[in-house]
Amino acid sequence: MIDVQTLASTMPNISHATLLGQFLQPRAQGDISLSWFEVGVAATLLLINAIISLQLGLGIAKRIATSSVRMTIQLAILGLVLKQIFELAQPTPVLGLAAVMTVIAGVSAVKRIDHRYPTIYRNSIFAVWTSAWVVTSITVLLIVRPQPWYSPQVVIPLLGMVLGNSLTGISLGLDRFLSELKNRRGEVETMLALGATRWESCRGVFIEATRTAMIPILNTMSVAGIVSIPGMMTGQLLAGAEPIDAVKYQIMIMFVIAAAIAIGVVLSLSLSYRNVTNSQHQIEWQRIQRP
Amino acid sequence: MQPVNGMAETTLIQLRDVSRIDSNSGRQLLNPLSLTVCAGDKVGLVGASGSGKSTLMRSIAMLDPFSGELLHRGSPITDGAIPVYRRKVVYLSQRPFFTGGTIEENLRLPFQFKSAKNNLKSPSYQPDLVAAELDAFELAPEILNRASESLSGGEQQMIALIRALLLEPEVLLLDEPTAALDPASRDKFEGRIHRWHNASNNTTNKNQKEEKAYLWTSHDRTQIDRMTQQTITMNHGQLMLTNETASVTHDAREINGPKNEQQLEPSDD
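Chains as they are written, first to last, in numbering that gives the first Met the number 0: chain A, 0 to 290; chain B, 0 to 268.
Fair warning: there could be bad hints in the mix.
[Stated by the list, open to error] Using 20 angstroms as the maximum straight-line C-alpha spacing, the simulated EDC-like pairs for lysine to aspartate or glutamate come out as follows:
| # | chain 1 | residue 1 | chain 2 | residue 2 |
| --- | --- | --- | --- | --- |
| 1 | B | Lys187 | B | Glu132 |
| 2 | B | Lys113 | A | Asp244 |
| 3 | B | Lys113 | B | Glu167 |
| 4 | A | Lys181 | B | Glu132 |
Hints listed in this document are in silico derivations from the structure and should not be mistaken for laboratory results.
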């Protein structure tokens, strides 16, 4: 019979020593820092993907490479910026970074939308800004209450999570709203011709777009803890937090994110609806165009 | 303009220098034109595809932004009154469209709009009237429970006409309504329009006097001859064969001469 305890204690040492030599020493408990070499190991996993793509002629090897490099550079810059801001511990740079993140989220939300209208960027930024900042402010000032209130360790990751989800929702919602409006043009115009107001004619499309935008967060909430352990909770567990504390935080953040998405989506869709219709109960089709 | 049967010819719609420019390309879709539609008018609108027939019809229904002035019974239409106006001046497209749900739900839909609920003069949905309409088109009552996608093109267009007629419109804007129909469906459609126009304008009861007109676009010259009394030809967004300030009732008739068949409206010639 094999002694389980012996096996458990010797296995890691053997494998580390024999496979990767001195680079992979068993780390001390609570130490979660990675060396650049360790990050490199993860990168080689993606290399396998790229090789498969080349072999099969999938044509995405280049995109895998560029998005990997892009992601690396973005996160490296974020790390440097956060390091600076954490050290400064002043409200202005924290809010400045938050503002930049917000605008980028607003612009990104429009990126993958097939149909656009002239003021869509302005509306998207406004919707992201309002929804994310209202919700994050409530979370920071009333729920988490860090000292000082602008603690970048709290504000920036929280806002980042809210922004990321809000922009996905807004993007999906706007895309669906504008493409549905175009696809159902005949139906919408028939309603107008039979005496519908602009809202009555667009309501169905508006509702469908809202529903589409909410699907990802509803899916995430319904499988949270069963299929996946959400990112924030993963981070807290890795950092050594108590599971129950991590769970409470995760539940809180889910509600916060869902609220931000709902506000952002309804806001962006309302503004869009106002911008593609006019007071004469007409749809201004010529404003809706492919970029 | 002679009073006929004791009633003067009523001006229903007046367009004054109405024009439309495509805001993206800057192209002139409709050159400034003026037009008067009077009660009893049966106007044919002909011209090549892209000559502006649909644009003109959609402008009359105020479905697109345009510059110029549009008067309904002599008054401009405020923004808020446009939905109510569109129930009186109904645009019927070549291809009928329906929302999801059954035919009955589609027929009831316009009666759930604010323009119906907030307007006391608006008719209400009457099932027996619908039954009579279906009967007139030789459609089985069961059609009410069917989904619009299960209907043939001809049936769909008849339902679309019934849906429009239930609103008791004054003016119908018929944009190539029978272009996709077989001859039998086309005949039923034409017959119904005929009876609708006829019943309203030949009524002897002055209290029930309703004044109606329609504009009809078609590429079928014989249909235009059959169904209309005046013809307007359009070319590159411009009215041809009528004077610039044409009241179609008078000027177009001078050019084309009165049609002798189906002279059913109160006529002044």
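Now for the hints, and whether the structure bears them out:
1. B:Lys187 / B:Glu132: holds, 11 angstroms
2. B:Lys113 / A:Asp244: violated, 52 angstroms
3. B:Lys113 / B:Glu167: holds, 17 angstroms
4. A:Lys181 / B:Glu132: Violated. A:Lys181 to B:Glu132 sits at ~32 angstroms, over the 20 angstroms cutoff.
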